[in-house]
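Student: One letter stands for each residue in the lines below.
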Amino acid sequence: MTLREMQPGQKARIEKVDARQPGVVRLMVLGLIEGTEIQFENAAIGGDPMEVSVFGTAISIRRQQAGNFSVSPIVTNE
Amino acid sequence: MNEKSTIYVPVEKIGIRRRVSATLAIIGNPNSGKSTLFNRLTGLRQTTGNYPGVTVEKHSGTVQLESTAIELVDLPGIYCLGGYSADERIAVDVILGRMADTHAPCGLLMVLDATHLYQGLYLLQQLMEMQVPMIVALTMTDVATASGIDISIEVLQRHLGGIQIFPVATTTGRGLEALKAALEGVADSPAPKVPESWPELSKTADRLIEQISAPMPRIDVIQALLHPRSNLSKTLEQQLGTPPIAEARLALFADEPPQAVEARHRYQWVRDVLGEAQQQAPMLERYEAKVLHWLNQPWPATVLFFAIMALVFQAVFSWATPLMEGIDALAVAMSGWIATHLPDGAISSFLSDGVIAGVGSVLVFLPQILILFLFIIILEDSGYLARAAFLMDRVMRSVGLSGQSVIPMLSSFACAVPAIMATRVIPDKKARIATILAAPFMTCSARLPIYALLIAAFVPDESVGWLNLQGLVLLGLYLLGIIGGLTTAWLLKRTALRGPKPHFALALPEFRWPNLQTVLIKLLERVRIFLKRAGSIIFIVAIIVWALAYFPRAGAIETGMQNAIVQAETALQGEPLAIELLRIKNEAAAAQLSQSYLGQAGRFVEPLFAPLGWDWRVSAAVIAGFPAREVVVAVMGTIYAVGEQAEEASLVSKLRSATWPDGRLVFTLPMVLGLLLFYAWCLQCAATLAVIRRETNSWRWPLFAWTYMTVLGYTGAFLIYQIGSRL
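Protein sequence lines, in the order shown, are assigned to chains A and B. Residues in the first sequence are numbered from 3 upward in steps of one, following the numbering used here. Residues in the second sequence are numbered from 79 upward in steps of one, following the numbering used here.
Treat each hint with caution, since some may be false.
[Said to hold, decoys possible] Partial list, computed: chain A residues near chain B (C-beta under 8 angstroms): (1) Met3; (2) Ala21; (3) Gly69; (4) Pro75; (5) Ile76.
[What the hints assert, rightly or not] Here are the simulated lysine-lysine pairs, DSSO-like style, with alpha carbons at most 30 angstroms apart: (6) B:Lys281 / A:Lys18; (7) B:Lys508 / B:Lys610; (8) B:Lys136 / B:Lys507; (9) A:Lys13 / B:Lys281; (10) B:Lys508 / B:Lys312; (11) A:Lys13 / B:Lys663; (12) B:Lys136 / B:Lys312; (13) B:Lys136 / B:Lys508; (14) B:Lys312 / B:Lys507; (15) B:Lys136 / B:Lys579; (16) A:Lys18 / B:Lys610; (17) B:Lys312 / B:Lys579.
[As the list claims (entries may be wrong)] Just a sample of chain B residues kept apart from chain A, beta carbon distances all over 10 angstroms, derived: (18) His194; (19) Ala224; (20) Thr648; (21) Ser776.
Calculated directly from the structure, the hints in this document are not laboratory data. Idealized CB from N, CA, C, for every residue including glycine.
Taking the hints into account, I'd like the entire structure generated from these sequences.
Tutor: Structure (structure tokens):
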């Protein structure tokens, strides 16, 4: 599954980033790299762009780039 | 100090300038509280300019200390030293002392946001590799504590090779004195011991350094390896040849972009440090957090965005009105005073119609521009600008731009000048220029008087269904502006400004109450730029237009007027006399204008504008409006002999009855619609051109914008008139 398929409020860990796709490196510089825990907060109308938080910082990602981040969901018992 | 004075005045209050002993640069992530800290440290002792060759603002200021002063250079807020944007390149050049006209800093003051240590430590680590002495100001500690983040400064310091860390609260000023005291010693402190987050990279750099003959600093070799297309990389290739460097890169980065691999290594280190130095206590979700969360849902957020924009427009157009009317009334009163106290003639006309009208036309827009600037700055400072960009990204993407163009675009509905100045938030250069060229199409407040006049005069006040026809035409003109601007951006992004889609990797800061001092300093700064760059142009142009419309004077018209006045005074008295005198003066003014340089120019270009259905009078008014479109109504008032301050009704009736020599009406519906379209699309504003020049740093774009928009306006008016007249 990729970041693109996440549901609002869902948490996941980034497993693999395809850095060769356009626009991905810039997101990695903001801290979206393998091994980090992220949460999909919200999206704009139409689901694009998406708001993802990493270590307390919200980052805006377009859906097109979100597809380059493979994630594994984290199940929390709340 | 004055020797006679016996009153003790603190040195700060009288602003004695102490000797500047060192230059430091302040650097940090965007929204890290860097600007607020910079303003706190320097107060109003600031200077602003531009770095040579780029449109990045250069701020510097002096910090007054006990016995000396320190020059502080405020570097742009950045996330990394990657060299993607002009901001990042400038930061590197200034730190390494490669920027012309800027002292090489002896050290750095790094601003680390306690609530966003993750991104902050990434930049900090890159800065440490530059081997420049530095200290760290840890901001937002109060916010961090409130949200359950516990940071151990000792642990952090240990990981950062012993760098001094000073917690400061910029809102209250707590910790500021300790930081100031430490600034003095920064330059003499040793460069930090660099944490090893990527030993292979350092080892490779050291190995390459051993092979080169001319010495190259290690940081340069590292930068050259990380940025294959940079100048540093070329220098290194000249020294070593391409193969060893390509081999080194393959070993380090495989087939991935160097920055991606760099990000992995550095963030690995950052995560390890955070794991030890930072604890996040579980927090109960507070009431405010729940409200904010709900407001961030797609639909509420979008509704809120439009509500905020509506508030901005309400403020720009209605709060400014009393001030604008006051400035107008003041200008009229001063002109009246001059008319009664000075004899008629060139000097009186120069002062009232040239100087006062010129200054008035600069100042009359100042209230609107001030309010617009104020809102843009508050949106920036509160962090909402990024949120607005996020919400509107999808819409702007359809014309090849990103969400960051949305605030400049919307601002240009009030005035293109602040809008174009606000495009600096757009990191992508091509997207920024496309936005700059689209902004002047939007219906600004200076277009409204001419729209109102022509619509009231020639569009029937009828209802179409339950809509008013006049209102519909006005709406149509707004839409024409939007269509013109967006199509232009779309076309440019596909032709002259083609490039990769602007990427939209943007951190969305939390809402923060704007800092009053920062807002006021920025507001003063932008108003100063407006008055200096745009105001001076508007004023000069107003004087030129006045001279064109005033000279040469015809003696015959003057004598004729005097004779007519004498005749009228013998034949009439009371109110009929006053009306007759006004008529005579207006007729004389119209006759003078008719043979002035402006009138001659109108006749000269009449053949050019005849296919659009314009006679020499309309042509002259349009020419007078090229430097600043807001003068058009006043020029028309003079040309049609109703006086420049005429009641709209009298000008309307003159326009309605204006004819060609053969008796045909000049203002037919197709001609008026064409004229309206011309005003919608033509760039009749020298101030906008001056600001485009400043913001793009070349004459190419203002010249292009002017030519393109004039051709577009002319063609549109031509087609409407020619087709409309044949229907």
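Student: It remains to establish, for every hint, whether it holds in the given structure.
Tutor: Status of each hint after checking the structure:
no. : hint                : result
1   : Met3                : 21 angstroms, violated
2   : Ala21               : 3 angstroms, holds
3   : Gly69               : 14 angstroms, violated
4   : Pro75               : 20 angstroms, violated
5   : Ile76               : 15 angstroms, violated
6   : B:Lys281 / A:Lys18  : 27 angstroms, holds
7   : B:Lys508 / B:Lys610 : 27 angstroms, holds
8   : B:Lys136 / B:Lys507 : 18 angstroms, holds
9   : A:Lys13 / B:Lys281  : 38 angstroms, violated
10  : B:Lys508 / B:Lys312 : 25 angstroms, holds
11  : A:Lys13 / B:Lys663  : 79 angstroms, violated
12  : B:Lys136 / B:Lys312 : 28 angstroms, holds
13  : B:Lys136 / B:Lys508 : 22 angstroms, holds
14  : B:Lys312 / B:Lys507 : 24 angstroms, holds
15  : B:Lys136 / B:Lys579 : 28 angstroms, holds
16  : A:Lys18 / B:Lys610  : 52 angstroms, violated
17  : B:Lys312 / B:Lys579 : 27 angstroms, holds
18  : His194              : 5 angstroms, violated
19  : Ala224              : 13 angstroms, holds
20  : Thr648              : 76 angstroms, holds
21  : Ser776              : 27 angstroms, holds
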